[in-house]
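Enquirer: For chain A, the structure is supplied; the task is to place chains B, C and D on it using the hints.
Each chain, written out:
There are 4 protein chains.
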Amino acid sequence: MKKNISIIGASGYSGAELLSLLVHHPGVTVTHLFANSSAGKRVDELYPKFRSADVRHLRGVGHLIYEEYSLDKVLNDDLIFLALPSGEAMNYVPALFKAGKKIIDLGGDFRLQDTSLYQTYYKHEHQAASYLSKAVYGLPEWNIREIKTAQLIANPGCYVTSALLPILPLLKEKLIQPNDIIISSLSGVSGAGKKSSVDFSFTELNETVKAYKVGNHQHTPEIETVLSRFGGEPSTITFVPHLIPISRGIYSSMYVVPKQPLTNEQIEAVFKKYYSDAPFVRLLGNTPPEIAHVQHSNYIDIGWKVYERNNQLILHSVIDNLVKGAAGQAVQNMNIMFGFDETLSLI
Amino acid sequence: MKKNISIIGASGYSGAELLSLLVHHPGVTVTHLFANSSAGKRVDELYPKFRSADVRHLRGVGHLIYEEYSLDKVLNDDLIFLALPSGEAMNYVPALFKAGKKIIDLGGDFRLQDTSLYQTYYKHEHQAASYLSKAVYGLPEWNIREIKTAQLIANPGCYVTSALLPILPLLKEKLIQPNDIIISSLSGVSGAGKKSSVDFSFTELNETVKAYKVGNHQHTPEIETVLSRFGGEPSTITFVPHLIPISRGIYSSMYVVPKQPLTNEQIEAVFKKYYSDAPFVRLLGNTPPEIAHVQHSNYIDIGWKVYERNNQLILHSVIDNLVKGAAGQAVQNMNIMFGFDETLSLI
Amino acid sequence: MKKNISIIGASGYSGAELLSLLVHHPGVTVTHLFANSSAGKRVDELYPKFRSADVRHLRGVGHLIYEEYSLDKVLNDDLIFLALPSGEAMNYVPALFKAGKKIIDLGGDFRLQDTSLYQTYYKHEHQAASYLSKAVYGLPEWNIREIKTAQLIANPGCYVTSALLPILPLLKEKLIQPNDIIISSLSGVSGAGKKSSVDFSFTELNETVKAYKVGNHQHTPEIETVLSRFGGEPSTITFVPHLIPISRGIYSSMYVVPKQPLTNEQIEAVFKKYYSDAPFVRLLGNTPPEIAHVQHSNYIDIGWKVYERNNQLILHSVIDNLVKGAAGQAVQNMNIMFGFDETLSLI
Amino acid sequence: MKKNISIIGASGYSGAELLSLLVHHPGVTVTHLFANSSAGKRVDELYPKFRSADVRHLRGVGHLIYEEYSLDKVLNDDLIFLALPSGEAMNYVPALFKAGKKIIDLGGDFRLQDTSLYQTYYKHEHQAASYLSKAVYGLPEWNIREIKTAQLIANPGCYVTSALLPILPLLKEKLIQPNDIIISSLSGVSGAGKKSSVDFSFTELNETVKAYKVGNHQHTPEIETVLSRFGGEPSTITFVPHLIPISRGIYSSMYVVPKQPLTNEQIEAVFKKYYSDAPFVRLLGNTPPEIAHVQHSNYIDIGWKVYERNNQLILHSVIDNLVKGAAGQAVQNMNIMFGFDETLSLI
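Chains as they are written, first to last, in the numbering used here: chain A, 1 to 347; chain B, 1 to 347; chain C, 1 to 347; chain D, 1 to 347.
Please note that the accuracy of each hint is not assured.
Because identical chains share one entry, a pair is satisfied inside a single copy or across any pair of copies.
Said to hold, decoys possible - Calculated cross-link-like contacts (lysine-lysine; reagent style DSSO-like; alpha-carbon spacing at most 30 angstroms):
hint, residue 1, residue 2
1, K213, K194
2, K98, K148
3, K172, K49
4, K123, K194
5, K213, K41
Treat the hints as calculated values from the structure; they're not laboratory data.
The following block holds chain A by itself, in its conformation from the complex:
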């Protein structure tokens, strides 16, 4: 029998991407799309790409109507996705959790266990701190066992995913310095969400690049926390995000320091040890990855190069920020939670 799912925050880019992935998913039925600001509108009014050509018997999701959320509407659902700006999911999670629903939060509210870190980087207080300990970090390649039985998933941040997957194996194997990690990332504009702002207008962003939130982006503590937890050593990083004129995709270039001389082959062996079963991790060796190769897919492509002259190891990774960096990873988590094949509707 199909699982019933709803999406809260369904009218944003991540919500729409979830819809793209779920519409042909053989194991689920989308029952409700909640979007308070767009309540009453059809999905294809906001996202015309979901229009159906078929005027007699509608297929797809274009004809669905965004609704105002209320708890009673989801009582028959099996799982709820939350795709909301930071600070909003914490208002929904407690009631949903008590109602026994499985929850996957695509935002940042349940990723940091430490509320003071949360407050420092997200600039507001946490309103549901007692649920933090119930949240399981949804990085399947490193936490699949916990995800299988989780009720509440904190889906990783986009930059975070791109950084964790290349660095974690090397840290875990104690091959690199844990406090000498530089992450220089480039993001497409959709990562900022749907923005009504001159700063995100085409005229302001085409043909230019800028760094932003240098040293104080909210993904910094998330990367450090997860590196320390799964990597087994306290880690600190320097993280600089840049906005570039593409719609989708993240490019992370990482500079780490080997504890002792390493070869490209050793690196490859380590990556294969951790990822040979991972259906979405593609290992490219010395070939640098390209964003175009992962767009609209749930893959992460990883390249590396030992740079002996300067005792450094250079790592590169690319993801689609809306797929492996958000909705795709969320569906991957859902597949694991429901016992489906991890790749269902993702390959």
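Expert: What follows is chains B, C and D alone, placed relative to chain A:
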């Protein structure tokens, strides 16, 4: 049982798009990918997006090898796609046809029945003129009955498809002047194919627009021929293509002259009469379409507006030039030829 | 002695472009930059490209401060530019006019003499109708004598400029049908001004195209009025603007009908008759123009092609919407009004 | 009296940019444009933006003709610019030098004094090694005294310029570790020159990013050599260039390690010490720079941020690769060599 198919010219953009559509098609098996210039290379070497992450049991098509073509390799195939520059398909078709193979040619070699027109616009002689009469024009919305039993399909041109579908119903109903048709089209750069040319470099094309082949583009006679044939009256057109800085998509704005005053509702009724069963034609009324809504899909979106003040009817259409304008329409034709659901692997 | 000038609405894109052109203009001094919403901010805070490197003696305009407007601040000025959204200039013009100031309005408030047309297309009432008859239309190539002695200039619209210059000579010579004129234009996004809107965000506009305001754009009556006035015959047009993913530039493709057969050479002779003295009109013959060739310049490039097969004449023109379509043409008008060389600071 | 200058390699992007800067330069006359592959063509045939509208008396440079080079043609010139692919300038320099001409080479042939380094990174042998010692490195902010009297200038590389200017003051003051320098740079596509290659086509580069020549780009030894020479300590770096979908501009993000804790104010004081007289260096403090703010200008904008948590100093710089990264810096050098104001025709 699955049908065996091969692609000749598999390494170009249309060939790669075919591969994307066929890789998960439940009714076919891709047996050979022919690409003389890339023979011996793996698909994912040229198109890394096809890489598989799975190091043990390969799925997908990334590991397939481009081969040099020879007729004996396709003797067990059911259908051959030709995705070649104009002037090349005519060298393959006769032998394939005699061998009894179904053929879908994505290029322009078999679209014009008149060899002198062909020579004028394509600038070389036709080498397989006796096969022109065997070719069925692959526009499913207007020619499905012939396509069902065809052996050789001439898949329509990209600009052509975007222009024919909006204009044909109005012409067929004798609602517009057949010789007062202006088609002003914009195309993304992938329409030019894989080009080693300064003229198609990023630096030359970003942040600019230019018209080209004004009045002498090879799609002009194709549009006129098909309008005349299916529309029932000899038609002439003015067609101007423009190159714009996007990768995929065609936007056609068409200006036609009503024979007598028309209302927007009458136009809608006519389009519904012809397209209510067409799974890929979406009718938008007075809302102008947008390229983004059809990218990576086989849809054509059509909008219209009666402009009484100047006795004109304005039509707009958008398609993805690589999908409905090439590979998608080819798969749609294949589905019809094999008796599959017309939308298989396309929705 | 240098002329003193001020700009009202100095913080928008047209205002900033004016500043770029005036900063090194040898004949003028910028005395005030009015921008109520940015009052108190430095120019280089909003437009960092105007920053000076020189920490000791500032040059350029980056250090100037945007001010709140009041009439007494401009009493010593010779000329005031208005670069405001439509409907705002009409609130400033009467007092400035009475104070004897020369005025150049870059907006649409004084371009249409007919207030009912204004109200239909601009959707609000005109508040300074008695000043309409005092406004001189600022198209130098056609109205230079009146511009020389004008006190109030209505600077032409961007689309309008791109359409008028190619069509007017042919109309004036009675070579084309005055009511069978189609103008299909493409505009870069800066044409919409500084927009806080999801609809103008990078993510929504990159890799797509859409037509908008089909048949009811406010430049329609402006084009018709000026064609009729300078062309000598009442004209009606069909005008369709499209938004394309570039920052700057307009591409207009125009389809007109010769009254009798014309040759490309005849067209050239006509254009030369009208424009051989025009320093910013470049005649390209059968070569279609490209936006890149006029960006950041005050040129308009015009190409043409007689298309006998369908009794049509195809015209193309390109301009930079912020230069020849706005600030550049305004400076050209100012040069003429002050008796400077028409090209000063523009070539 | 005006100086006579010629350009060898005048038809590439750097050559065309030189032309843009020189056409209104009050101190020079362009006498010859050499471009063997385009000999006989007019400048505006290759670069239509240089067209003149004036059909009677030509101004500007559009009507000039590219010529085949020969030494006798430049005997009356005062200075020759070489804007050639690497490996070609070395064939011209010896004869020009002996003829007593001043020379500015925009390519890489005379930047490295060490021929074995040259051969390693440029993949061919040096043919004019005896002239290496005569070449003066053309970085005006650090070498102005030598430039004044130089006969042969090696104009710095684009990436190199963007990296040297932020790092050198800190190195010179011994504030940072000389061997722990990471330079992660992004370049627009024009940096690759005019390329006939599928790899540089619009379709392949729009909406994507890739790193390239990881650890072995030819600018690596140039940066190290100049850092060591002007910084006073042997330095090694890790340099990774990335190609991004913009036409012009370089963004360099640099990660260096303070020898002892530093404040943002200390950094500012150091930069002011070295650059308060530098007309093209703009200091932005903690505000990260943006490429748009320097496009079409000779400025370099520099931002910085001390990141104490991880004992790191983050530096950012932006330049226009064709201006401060090539032609603009070359004109700056020429101005110095001729005793002109350093900023002539550049501000």
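Enquirer: Which hint numbers doesn't this structure obey?
Expert: No hint contradicted; all consistent.
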